[in-house]
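These protein sequences, in sequence, are chains V and P. In this text, residue positions in the first sequence follow UniProt numbering: the first is 1, and each later residue adds one. In this text, residue positions in the second sequence follow UniProt numbering: the first is 1, and each later residue adds one.
If you are wondering where the hints come from, they were derived from the structure by calculation, not from laboratory data. Check each hint, because a few of them may be wrong.
One copy or any two copies: either way a pair holds, since identical chains are not told apart in the list.
[Unchecked claim] Here are the simulated lysine-lysine pairs, DSBU-like style, with alpha carbons at most 35 angstroms apart:
#, residue 1, residue 2
1, K130, K198
2, K27, K147
3, K94, K187
4, K173, K21
5, K180, K94
6, K158, K180
All values reported here derive from a predicted model rather than from experimental measurement.
There are 2 protein chains.
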Amino acid sequence: MSRDSLEARLRAIGAERYHDKHPFHHKLHGGDCTPDQVRAWVINRWAYQAAIPMKDAAFMSRCTDPDIRREWRSRIEDHDGGIDEGGGLRRWLKLAEAVGLNPDYVASGVGILPATRFACEAYVHYVREKPLLQAVASSLTELFAPKIHENRIEGLLKHYDFANLVSLSYFRKRLTEAPKDVAYGLKWVLDHADTPEKEDMACEALLFKTDMLWAQLDALWSAYVDGHVPPGAWQPGDSMA
Amino acid sequence: MSRDSLEARLRAIGAERYHDKHPFHHKLHGGDCTPDQVRAWVINRWAYQAAIPMKDAAFMSRCTDPDIRREWRSRIEDHDGGIDEGGGLRRWLKLAEAVGLNPDYVASGVGILPATRFACEAYVHYVREKPLLQAVASSLTELFAPKIHENRIEGLLKHYDFANLVSLSYFRKRLTEAPKDVAYGLKWVLDHADTPEKEDMACEALLFKTDMLWAQLDALWSAYVDGHVPPGAWQPGDSMA
Chain V
1 MSRDSLEARL RAIGAERYHD KHPFHHKLHG GDCTPDQVRA WVINRWAYQA AIPMKDAAFM
61 SRCTDPDIRR EWRSRIEDHD GGIDEGGGLR RWLKLAEAVG LNPDYVASGV GILPATRFAC
121 EAYVHYVREK PLLQAVASSL TELFAPKIHE NRIEGLLKHY DFANLVSLSY FRKRLTEAPK
181 DVAYGLKWVL DHADTPEKED MACEALLFKT DMLWAQLDAL WSAYVDGHVP PGAWQPGDSM
241 A
Chain P
1 MSRDSLEARL RAIGAERYHD KHPFHHKLHG GDCTPDQVRA WVINRWAYQA AIPMKDAAFM
61 SRCTDPDIRR EWRSRIEDHD GGIDEGGGLR RWLKLAEAVG LNPDYVASGV GILPATRFAC
121 EAYVHYVREK PLLQAVASSL TELFAPKIHE NRIEGLLKHY DFANLVSLSY FRKRLTEAPK
181 DVAYGLKWVL DHADTPEKED MACEALLFKT DMLWAQLDAL WSAYVDGHVP PGAWQPGDSM
241 A
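This is chain V alone, in the form it adopts within the complex:
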C-alpha cells in the first residue's frame, strides 16, 4: 500500500511541476519560438546535458555497492557514449548544428546563462552530497520524460525546418533509454523509502529536481523572451556561435 501511495505522490509532483508545464516549452513545441530562441534553448540545455554524466559519476563515486554501480553505469554510457561515436552529448551537438550553431561553441559552454549553470551544478552537488535515497530519487523526473520527448519530437517536426530524424536523434534515443533507467530507479526508491520520513525525503528530492529544471527555463525566458540577457551570456548574432 505504502509503495503505491509513494509512487502516486511522486507522479503527482511530476503532474504539477515537471517542466513540460513551463510556458517556454509550450512556446517551443507550439512553433512560437524564433530561430534565436530555439538557439538559446539549445545552447543552455547543453549545460544540463553535460551535467548528467557528471552527476551519474558523482552518484557512483559515493555508492559502495558494486551491483548498483553496474546498473547505473549505463546512464553514463548513454550520454557520453564511446570514444569514437559519442552518445547523447554528441547527438545534442547534431541539434546544435541543425539550428545553425557552431557545435564547438555549444560544447565549450561559453555563453550559457549563469543561472542555468548554477542549477546544473546544484544537481551534481545534490547527487554527491545528499543521502543515497535522495540521489536516486532525484533521477525520477525520467518518469515524465518520455511524454515530453514525444510531444517535443512531434511539435518540432511540425513547426520547424531544422527538425528531422538526425537533428532530433537525441530525443528519439531517450525514448528507449529513459524508461529502462527509471524502472530501476523507481523500484530502488520504493524498496528503500520504507518509513514516512524516507518517503518525504524521496519526494523532496524530486521537488528539488523539478525546481532545477524549471529554473533553467525561467532563466531562458527572462533572457531570450523578455530580453534581459545578462552580461557574458550568448547574444543572438554572436559571431563565435
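Given the coordinates of chain V, assemble chain P onto it according to the supplied hints.
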C-alpha cells in the same frame, strides 16, 4: 626535455617508494606468509579494490571534458565489470575463496583495518578534491604495477597451494589493463604539467599515492605480523569469515 625529466622524477618516486619495496610484499611473494597472513592481506586489500571504481567515478564527476571521461570510463568497467560477470572486483573474490575465506564476508568490508579504510577513503577524497592534474597523476602508480603483478603471480604460484590461474586471475588481467590506462594517464600528465609548479604538483600526487599504498601494508604488518590486531578488525579463525 622537461617531459623527459618529469617522467624520470615520477619513475624515481616509484623506484624508491612503490609498495613492492614493502617488507610485507617481500614476505608474501617469498612464500613466508602464514595462511592467515595471506587471508588478512586479501581481506584488507579488498578495501583498495572496492575504492578504485569509486575514485574513478569521483574523477569523472568533476571532469568536464567528455573526451577524457570516455577514455577514463574503461577503468570503472575493468573493476566493476558487467552486471552478470562482475570484473576485477569479482575476480578478487575468487582469490578470497581460494584462500579459504567467505567471499560475502570479504565483500562486506567488515573486519578491514580502520587505517586501511582511512587510506582508501583518502584516495577517493584526493581524486574528488585536488586539481585535475593531481587526480590524474595519482593514478600513475600503474607505471609500476605490472612488475609487482608479475612478481606476485610468480611468487604465489611457486609458494602457495591456493595459487592457480583462477585464483590469480585478477592480477593476470591487470597485466593488460594497467598499461593501457597508464599510457593515457602519463601522456596527459606530461602534456599538462607545463610549468615547474605543476611538475611538483604531479610528483606530490604520486607521493600521496605511494604513501596510501604503503600505509595499508604498515597497518597489515602491525596487526597480523606484529600481532597488534585493533578492536573490530578480522581475527584469524573468525567464524563469519
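When no copy is specified for K94 and K187, does a C-alpha distance of 35 angstroms or less occur within a copy, between copies, both, or neither? Classified as both; 34 angstroms inside a copy, 30 angstroms across copies.
Quick one: K158 to K180, C-alpha cut-off 35 angstroms, is that within a copy, between copies, both, or neither? The answer is within: 28 angstroms in one copy meets 35 angstroms, while 48 angstroms across copies does not.
Treating 35 angstroms as the Cα threshold, decide for K173 and K21: within, between, both or neither. Result: close within a single copy only, 22 angstroms intra versus 51 angstroms inter.
Intra- versus inter-subunit Cα pairing at 35 angstroms for K130 with K198: Both ways: K130 and K198 sit 13 angstroms apart in one copy and 33 angstroms across, limit 35 angstroms.
If the cut is 35 angstroms between Cα atoms, do K180 and K94 qualify within a copy, between copies, both or neither? Both: 24 angstroms inside a chain and 31 angstroms across chains, each within 35 angstroms.
At 35 angstroms max between alpha carbons, let me know whether K27 reaches K147 within a copy, between copies, both or neither. Answer is within: at 16 angstroms inside a copy they meet the 35 angstroms cutoff, but 62 angstroms across does not.
Violated hints are absent here; each numbered hint is respected by the structure.
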